[in-house]
Structures are given as C-alpha cells and as structure tokens.
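J.: In this note's numbering, the protein residues as written are 26 to 535.
I should point out that these hints are in silico values taken from the structure, not numbers from a laboratory.
Careful, some of the hints might be misleading.
Across the chosen pairs, the derived CB separations fall in these ranges [stated by the list, open to error]:
1) 355 x 109: 37 to 43 Å
2) 273 x 163: 26 to 32 Å
3) 167 x 273: 31 to 37 Å
4) 501 x 358: 25 to 31 Å
5) 121 x 248: 19 to 25 Å
Here a beta-carbon is modelled for each residue, glycine too, at the ideal position from N, C-alpha and C.
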Amino acid sequence: MFLFLSILLKIRKDYDYLDSVTLVNMFPFGKMPEPATVDAENNAPQKKSWTKTMMPVFACGSGLFSDGYINNVIGSVNTILTRQYGAIYTESSAHQSVASIAFAGIVVGQLAFGFLSDHWSRANSLTLSTIILIVFTALATGSYWKDPAGMFSMLTAWRFFVGVGIGGEYPAGSVGAAESTGELKAGTRHRWFILFTNTMINGGFVIGAFMPFVIASGTSNLEVMWRCALGVGVIFPLVLLYLRFKLEEPEDFKENSMRHHTPYLLVFKFYGFRLFCVSLIWFLYNFSVYAFGIYSSTILSGIYGKDAPLSQIFGWNTVINLFYLPGSILGAFISDWIGPKRALAFGVLAQALVGFIMAGVYAKISKNIAAFAIVYGIFLSLGEIGPGNNIGLLAAKTCATGVRGRYYGIAAAVGKIGAFVGTWVFPLISKAGGNNTESAQYPFWVASSLCVLSAIITLTLVPTVGQETISNEDERFRAYLESMGWDTTQLGLGSSNKTETIVIENTDKK
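Model the full structure from these sequences, guided by the hints.
T.: As structure tokens, this is what we get:
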C-alpha cells in the first residue's frame, strides 16, 4: 500500500514539471505556443504541490498526539500503581499528583512558548518543545528511587517537565498549523486544521488507552506494564523531530509578526473580552473531558469490581476512547459546512442532553457494560464535534498573527487549568454522592450543566469564523493600530531593517 502511494506521488511530482513546451517537444504536432505565452508561464509564481502545502500543517499540529497519549495513559498507570503498591500509593499525595501535575507543567509551557513563538520563532519553538518532551518522557519512564515514596516523587517531578514540553506544542504548533492552512483550498481549511490538531489529540487518547491493554494482555508484571506504557510516549515525538527541523516560518508570520514591539494596552483593548470568552469555554470543556478521560478506567474498575483483570478494564477503556475519533473526524467536516461557532454550540447541547440521560438512568445502564460503554462513548464523541474540535480553532483564528501565540497560549493555559481543577474536583464530586450509584451520577449532572453554559456563551459572545478569517483579522487589527496612531511598519520579521533603511535614505536626501 505504501509502495503504491509512493509511486503515485512520484508520478504526480514528475507530471507537475511538464509544461506546454516540454509536451510539444515530446509530441511534435499541433500548434506551438506563442513565445509571450511561454514566458508568462515560466515567469508565473509556481504553485506548491498539495503535499508540500499540507506538510507544514501536519508537522506543526500533529505533535499534539503526544498530549493525548501522555495525558490519557497516566490514568491507566494510576490504576496499575494502585494494584502494585496498594495503600502505600493511594494514601500518598502522588496518587493525585502524578495524574494532575503535568497540567501545571502544561500551563507553564503554554504561556512560555506562547511568548517565544511570537517573539522568537514558530519553527524553533516547536523543535525545542519536542526535545523537552522526548527527554523528560524518557526520564519519567525510568523513574527510580530506593523506596516507593521517593520513586513516586521522582515520577511526579519528571511529569511536570513533560507537561512543559506538551505545553509548547499548543501555541507554537497550533498557530503554525492555523497559519499554514491559509494556503489550502477555501472550504477545507477548518477540517485540515482540526484533523491535524484535535484529531491527533484524540488519536493519542485512543492509543493511550490501547497500549496498557496490549501490555496487560502480554504480561502480569505490574512494573513492566506502567513503565512500558509511559515509554511508548517517546516514540512519536522522536519521529516528528526530523520534520520539525525542516520547518520554515509561515508566510503570515513573516509579514505580520510583532517580534520587535507589541502595544499590549491596545491589544488588550481590542482582544481582551474575546480572549476571556474563548478561555472560559475552554476551561469549562477541559474541566470535564480530561477528568472523564483520566478516571474512565477507574469508573470501569468500580463497575467491574476491584478483582477484575486489568486487561478487561483496559480493553473496555479502549472501546470508550475510540468514540473520540468518529466525533472528531465527522466534526471536522461539520465545522467547514456550518462554521466552528455553530458546530461548537450544537456539539455541547447534544452532549448535555446525552449526559442528563446518562445521569438519570445510570443505575440501570451500569449493569450492562456494553450499553454503558456505547452511551458513554457517544457522550464523549459529541464533545469532540463541539468544543473538542472548535475551541482550539477559535483560539487560533480569532486574533491577529502578531499576537496569536500569546493569545492562544493564554486561552489554552486557562483550559488546562480547567483540566487541572477537574482532576482534583471530580473525585470530590463523586464522594459527595455517597453511595456507588449517586457518586457516579454527580459528575454527569455537573458536566452536562456546564455544556449548556458553554453553548450560551458561544452563541451570544463568540465571533463567527470563516475561511478567510486569518487574513481578514490581520487587516482589521492593522487598521485599528493605524487608527490609534501606532506605526504598523514595525510589523513583520524584517520590520526593523525596513525602518532603518528608510531613515538612512531620508538622511541622504537631506
């Protein structure tokens, strides 16, 4: 299959080089093109091939696969460590910290790399975050100390730095992917951004659930299980590192960068309220989705019982996580058809409806594990059609290029704070329910209510995003800056050189 695709791409590449003159020379019949026509064709700017246009989108966005994998696999690792160490682990602070500390690192990474991607480089920021991710995931896999408590602390510390690497993927990778989609065909730009960002996260979620299942099916050694599950997280960023070394800066960034100077007060006045709305929706979404993802194997363990085989629990956890993918893939096309704003609102309202139904009939549905897995999977899938797909897209496309990294980084950081809070609060929400049935119902009541709130905010306060929004937003922001008296010749990577040249020329004329 791969050989067949390679041959097709080679034929297509060779065919692109054949112009009208070459064809006439090969087949000497028919009318020879006019010299002026030939010159116009030869001097016309060469259009990039589909693969060359798509590669930056893939290289920028697909690193988020690691985010999905590393954040989801830790839920299964938590379950394994609980089996291996019992009360030593469950009564330690690491029981919650191991799962949630990465979110703190992600917030730091999102804010730091949001600044770096605007003031330094999109491509270099991505490469740096990938290297951090590889190094500290490997260190987390090899965490060791002379006693279990020390090993838990070591694992927690490395997980924080893994989070910093993941955090860098969001502002640098997603904004780079968004800017690169501007070269794609109108009417398809939203779907490609989503397929190479959020769908990648969901793919990581699925593999993060599947790998513990495979490992648990092959060995009963708990130590091997959790270390191998973490170690797999090194492979994908290693593969991606080569592509990132070859990345160039997006054209929009070259022309509209604010690398040299940023008028923060004007930016806040222009984008402050919009950023607040996007950040709030992201917070509400991550509050639920990451908590559900991390604790899904724990929920299943509660249904099956403490003595159920880990392979059985992880197998059903994989089935549940598979539902992320159809929602994300179908939702990518829906976002192009009806727009990200409407798609987000539709997704969260449908998710709220399913969540309320699940909470109401939980006592019955939990007795049939297949029915529970399907309905729970639909609940998660609808979340991907809505905010899962579209909140990152809105954050990447509702501001100007010059501040996109910081804007996106702040919104994503607030979202991850929501995830961090959710992983701490959800166990407390469950405990408030008391008995087993109510303790499982309460999270669904809360999550569904937050979905309704997200829909209201989206429909009333979030702007509409079209296919040309990035270029239109740059023009709108540039016009605003000029109206406020700010010198827009400072925009762009070479703006300082341009300004210096103008000054010298004016001096010479005098």
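J.: Next, verify each hint and record whether it holds.
T.: Status of each hint after checking the structure:
In this structure the supplied range 37 to 43 Å holds for residue 355 paired with residue 109, their Cβ-Cβ distance being about 39 Å. As the Cβ distance of residue 273 to residue 163 is approximately 29 Å, the hint placing it in 26 to 32 Å holds. For the hinted restraint 31 to 37 Å between residue 167 and residue 273, the CB-CB distance of approximately 35 Å keeps it satisfied. Between residue 501 and residue 358 the beta carbons are some 28 Å apart, a value that agrees with the proposed interval 25 to 31 Å.
Under the hint 19 to 25 Å, the C-beta atoms of residue 121 and residue 248, about 21 Å apart, fit the expected range.
The structure is consistent with each of the numbered hints, conforming to all of them.
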